[in-house]
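Asker: Take the sequences, apply the hints, and build the full model.
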Amino acid sequence: MRNIRHYILLCILTGGLSIGAAAEEIIAIKADRIDTVTSGVIENGIIVIADGKIKAIGNDIEIPEAAEIIDVPDKTIFPGLVNPSSRIGLSQPATGGPGSNPHYRVVDELYPHQDQYKRILGAGFTTIGLLPGDRGSVMYYPGYGYYFGGRSPSTGITGQGAIVRPTGLNPEEMIVSDSGFVMIHFQANDKVKNVIKSALDSAKSKMSSTDPKVQPLVSALQGKVPTFVLCNSPGEILHLLKLLEPYNKMKLVLVAGNETYRVTKELIKKKIPVILPAQIEFESNTRTRINVPRMLDEAEVKIALRPEFDNVAGHEDFLRKISELVKSGLNREIAKKAITIHPAEMLAIDYRLGSLDVGKDANLLILSGDPLDVGTKIEKVMIEGKIVHEAP
Amino acid sequence: MLLFTLAISMIFIVSPLSAAEEVTAIRGGDLYTITGGIIKNGTILIKDGKISGIGQNIEIPEKAKVIDASGKVVMPGLVAVGAELGIIGYPNITKIADSLDPFDFSVSLALASGITTAMVSTGRPSGSSPIGGATAVIKASYGDLDQMLVKESVVQPVMISNRDWLRKTTFKQNLRKAQSYLRKLAAYQQAGDKKKAEEPKKPDGLDAYIRLLRREVPAVVAASTTGDILAALEFVDEFGIRMILTGAIEAWIVAEEIARRDVRVVITPRQKQRPNEDISGPSGSTLENAAILKKAGVKFAIIPPSTYFGTGGIAGRDMMALPMEAAFAVSGGLDEQTALESITMTAAEIIGVSDRVGSLQVGKDADIIILDGHPFHHKTFVETTLINGTVLYEKSKSIYFSHITNDE
Numbered sequence: 034m035r036n037i038r039h040y041i042l043l044c045i046l047t048g049g050l051s052i053g054a055a056a057e058e059i060i061a062i063k064a065d066r067i068d069t070v071t072s073g074v075i076e077n078g079i080i081v082i083a084d085g086k087i088k089a090i091g092n093d094i095e096i097p098e099a100a101e102i103i104d105v106p107d108k109t110i111f112p113g114l115v116n117p118s119s120r121i122g123l124s125q126p127a128t129g130g131p132g133s134n135p136h137y138r139v140v141d142e143l144y145p146h147q148d149q150y151k152r153i154l155g156a157g158f159t160t161i162g163l164l165p166g167d168r169g170s171v172m173y174y175p176g177y178g179y180y181f182g183g184r185s186p187s188t189g190i191t192g193q194g195a196i197v198r199p200t201g202l203n204p205e206e207m208i209v210s211d212s213g214f215v216m217i218h219f220q221a222n223d224k225v226k227n228v229i230k231s232a233l234d235s236a237k238s239k240m241s242s243t244d245p246k247v248q249p250l251v252s253a254l255q256g257k258v259p260t261f262v263l264c265n266s267p268g269e270i271l272h273l274l275k276l277l278e279p280y281n282k283m284k285l286v287l288v289a290g291n292e293t294y295r296v297t298k299e300l301i302k303k304k305i306p307v308i309l310p311a312q313i314e315f316e317s318n319t320r321t322r323i324n325v326p327r328m329l330d331e332a333e334v335k336i337a338l339r340p341e342f343d344n345v346a347g348h349e350d351f352l353r354k355i356s357e358l359v360k361s362g363l364n365r366e367i368a369k370k371a372i373t374i375h376p377a378e379m380l381a382i383d384y385r386l387g388s389l390d391v392g393k394d395a396n397l398l399i400l401s402g403d404p405l406d407v408g409t410k411i412e413k414v415m416i417e418g419k420i421v422h423e424a425p
Numbered sequence: 161m162l163l164f165t166l167a168i169s170m171i172f173i174v175s176p177l178s179a180a181e182e183v184t185a186i187r188g189g190d191l192y193t194i195t196g197g198i199i200k201n202g203t204i205l206i207k208d209g210k211i212s213g214i215g216q217n218i219e220i221p222e223k224a225k226v227i228d229a230s231g232k233v234v235m236p237g238l239v240a241v242g243a244e245l246g247i248i249g250y251p252n253i254t255k256i257a258d259s260l261d262p263f264d265f266s267v268s269l270a271l272a273s274g275i276t277t278a279m280v281s282t283g284r285p286s287g288s289s290p291i292g293g294a295t296a297v298i299k300a301s302y303g304d305l306d307q308m309l310v311k312e313s314v315v316q317p318v319m320i321s322n323r324d325w326l327r328k329t330t331f332k333q334n335l336r337k338a339q340s341y342l343r344k345l346a347a348y349q350q351a352g353d354k355k356k357a358e359e360p361k362k363p364d365g366l367d368a369y370i371r372l373l374r375r376e377v378p379a380v381v382a383a384s385t386t387g388d389i390l391a392a393l394e395f396v397d398e399f400g401i402r403m404i405l406t407g408a409i410e411a412w413i414v415a416e417e418i419a420r421r422d423v424r425v426v427i428t429p430r431q432k433q434r435p436n437e438d439i440s441g442p443s444g445s446t447l448e449n450a451a452i453l454k455k456a457g458v459k460f461a462i463i464p465p466s467t468y469f470g471t472g473g474i475a476g477r478d479m480m481a482l483p484m485e486a487a488f489a490v491s492g493g494l495d496e497q498t499a500l501e502s503i504t505m506t507a508a509e510i511i512g513v514s515d516r517v518g519s520l521q522v523g524k525d526a527d528i529i530i531l532d533g534h535p536f537h538h539k540t541f542v543e544t545t546l547i548n549g550t551v552l553y554e555k556s557k558s559i560y561f562s563h564i565t566n567d568e
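Heads up: the protein sequence lines correspond to chains U and L, in order. Just so you know, we're using my numbering here: the first sequence kicks off at 34 and counts up by one. Just so you know, we're using my numbering here: the second sequence kicks off at 161 and counts up by one.
Hint data in this document are derived by calculation from the structure and do not stem from the laboratory. The beta carbon of each residue, even a glycine, is placed where N, CA and C say it ideally should be. Relax, there's no trap hidden among the hints.
Cut-off 27 Å, straight-line C-alpha distance, at most; resulting in silico cross-link-like pairs (DSS-like, lysine-lysine):
(1) L:Lys311 / U:Lys230
(2) U:Lys275 / U:Lys246
(3) L:Lys255 / U:Lys237
(4) U:Lys303 / U:Lys335
(5) L:Lys311 / U:Lys224
(6) U:Lys224 / L:Lys362
(7) U:Lys298 / L:Lys225
(8) U:Lys275 / U:Lys257
(9) U:Lys230 / L:Lys255
(10) L:Lys311 / U:Lys275
(11) U:Lys275 / L:Lys255
(12) L:Lys555 / U:Lys298
(13) U:Lys257 / U:Lys237
(14) L:Lys255 / L:Lys332
(15) L:Lys207 / L:Lys223
(16) U:Lys151 / U:Lys86
(17) U:Lys298 / L:Lys207
(18) U:Lys282 / U:Lys237
(19) U:Lys298 / U:Lys230
(20) L:Lys255 / U:Lys224
(21) L:Lys557 / U:Lys298
Chain U is faced by these chain L residues, among others (derived, beta-carbon under 10 Å):
(22) Pro251
(23) Thr254
(24) Phe263
(25) Asp264
(26) Ser268
(27) Gly303
(28) Thr471
Answerer: Set out below in structure tokens:
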């Protein structure tokens, strides 16, 4: 912990220097198509990047003389993918509870030197929202990943999630935000409900507290940080909405399962966005296939998609799964948003990433074709103006 | 904030009122009222989720939504005194209201089976404690959490049997402790103004026993053999508690004893048990169990061997064939009326909700099922299920049953 503090200090001290150095680096990418996600597609476009940020984007842009030019006349540029809810690279979360541990931060679990991060980077992911489990990890199962609903992690308020880049040699290089959101793992029973309610009520009565066990909840209650709630079944969602009714400023994001479509009415009423696994599902207890992301989108619920399996293979398969969803009716534009800007919005980090817009981080993918074409190859991955991955 | 809450609650209050103007009528069916015989070609009016009229000469309001049940059987939704459905949030459940799941698959199957009300329970006794977990009576109001709970803590499951002497002893000792506390409390309260003594302190952990002694809830005791049944009845004699005996295979042998103590019974007529050759006197199961209990004046409910709902498993053994189980009792000599009561009105009485469900009577909840034949016929299907006046199941729209037709 002390080491991390030192690192942060170091970063602040050297921050000015590094930005100064980066200022020299201007990059211009000339591409066949630039899919901004938020403001349409630019044919034969140019992106100018300086200081790791997008300085200009469009057709008739003057390229500064000093710029290093990446000329890819037959390629497509797409924003880096954002997975809003993952535990990739982390140990299996602790089981047990219910408890309230908002002071627990998932960044303290970070373990950067992992091949998994390199490989999901190669799969196009430039931003990951990491979910906290409980007080540190008790067991180490790196290969299994974290399947929502399969095992049951600890319940209650499980801590603060982090937003990271899957690159870097130490935690500080990975972290975009170390306290991006508060995480609740909900279960519909009186014990879990009481733990959550009493923690929130006590935070409500101490709004100016700096106690690390209270402060994150105060931010969550004021809506300054989003609150992610893991809540698998539609019945539990009804219980959750009732429980959190009095705390109406909270910005809720549901990390939900495939039956969420049964409660779309309630979700629309409260404008709650949902993170769903990118997968064609069976309607429960039937052989009928359903496209849940499509159903929710058509009901006007905002959706973000995550890999169905939270491991490397899941991330590598992700774009293909998105293509399948589009093939069976999910709106193509929504599908693109659901893997970039929507998850960024849910993580409240859309002011700096999630789309190709002026002022945002230059997190982008150089693709051989359309991102949702299954034949497309991810050729280069750029995070904040630096090429961090090149396909062999 | 307060105003906002008020405004919100106003909306909720107003909407049922506007719905109250809407009247639903079920017309043309044979109404198996349970409490008032069979009304041929009758009409039921439903208003505000309740039955507002029933009979042959009922005028249907012009704007009423009419459900045609000509040639069908219309009866109250079935009541199961023990079933597994509608609960999520395992494993930390202590209060069922906090863990109800209106989207449970079993809830939808309950509707398809005509079961509209059921008692659910969770948790088992731990250690030497004989006291079981929580219970609640719920409705199969699919998709509607607010209408699901009817009543909580309706009975107190207790695990005592002659083989489980430790629990049985604990039960007796704790009942005595609770009894002595209640006596002291009564004496203290009787003393009135002359109060000098201190109010007796309520002993810890005996709430369940106090409720039993005050006859607020009945104890539910699993007792299949004559020995277990008689041992359980001793508790009724000594402590005056109310009691429900479940799985009472040998109840027919001691029917008079059970009747005398006004103890209720839950049976599964097809359940078989060989006579015990080691004991003198009668033992074992008989198909006539229900008929004998009826003759002795015992009130009983019927449930199938398995209390879950499923499309798999051995067909006919689970909750989806509840009327068939009652039909077994009929084949053992029970009259049809009592058999019907055992899965409707009597079942509702046993779990304490007969004021709301269990029969077609004015003022009761409009939990109604429409069948395409006699409830005890093996070919009969539930066609429509209503809960609180709302149609929640139609066979013609069911992905499981709509393709099954009666070829005659």
